[in-house]
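Engineer: The listed protein sequences correspond, in order, to chains A and B. Residue numbers for the first sequence follow the numbering used here, so the first one is 7 and each next one is one higher. Residue numbers for the second sequence follow the numbering used here, so the first one is 23 and each next one is one higher.
Bear in mind the hints are in silico, worked out from the structure with no lab data behind them. Each hint should be verified, as a subset may be incorrect.
To be verified - Straight-line distance between alpha carbons at most 25 Å, and here's what the computed SDA-like set of lysine to any residue pairs gives: (1) A:89 <-> B:64; (2) A:116 <-> B:74; (3) A:34 <-> A:110.
Since we're looking at a predicted model, the values are computed, not measured.
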Amino acid sequence: MKFQTIKILLAIVAMLATVITTACPKSKTDALRSAIEASYRLPAATNDLIKDVADARDRGLISIEQARKFGDALNKLALAEVKFVEMVKVANEAFKISNAIDAATQSKLKIFFDADIVGPFTTVLETAKLISGSNASLITLGVAGVRILLHTIAGGIGSKASKRLLANSGGGQFNYFAREGRLITI
Amino acid sequence: MNGTTATPGTKERAIYVLKCLIELVENDRVRADSIASLSSDEIIDLAEAEAQKAVEGSQRLKDS
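With the hints as constraints, model all of the structure from the sequences given.
Structural biologist: What follows is the structure, given as structure tokens:
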């Protein structure tokens, strides 16, 4: 297989990853609606990830220490999500009436999201990177699932810094897929 | 670079990544579809319940 062909194939995959994460240009209203929906789906995706980590620990793919480290970061994230869902619920009441949220509410959401949601998730990302390739596969998709939702939320509430961080952390987009123990970086 | 033979398995890995991405999007779409049939109050209740489960589950992980 010629290297040029492989490069083209990987470029297509990278494009698909970019399309999925950025989607077609949305109006502000649509982006906000997507962000609100993603906010409601976020706790379920976090639960999936927690189960993946527990499963990996039980199978001996990660150490108890690593599981505890994940647990610590995921616990901070989960506690923040309880508050965040509450905040989004309030913002959504305004959105249902006027298809917009006021600047003060948006600012509060952004500040909380950046510090209390993306912050702990960055620790999850860093912890995941330290797992040796062959043992990472159970967790990688779970991490990616949460990441996609956070990226959508960041876009909808106007958190450009978080959006960039979530799109580019780890030196490449979507470097979380593994096969036979090797993480693939796109 | 032209004419260089790729590492064996690279094409297969790229296809695997593509399949994973499609599965991820599909799972998310299925979840989105299941939510679409719920009222907004039901969706919020679901999110609150999931968030509570996540707190408990992550606490157990932390304490393992």
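Engineer: Against each hint, give a clear statement of whether it holds in the structure.
Structural biologist: Going down the list of hints, with the structure as the test:
no., hint, verdict
1, A:89 <-> B:64, "18 Å, holds"
2, A:116 <-> B:74, "22 Å, holds"
3, A:34 <-> A:110, "16 Å, holds"
In this structure, none of the earlier numbered hints is contradicted; all agree with it.
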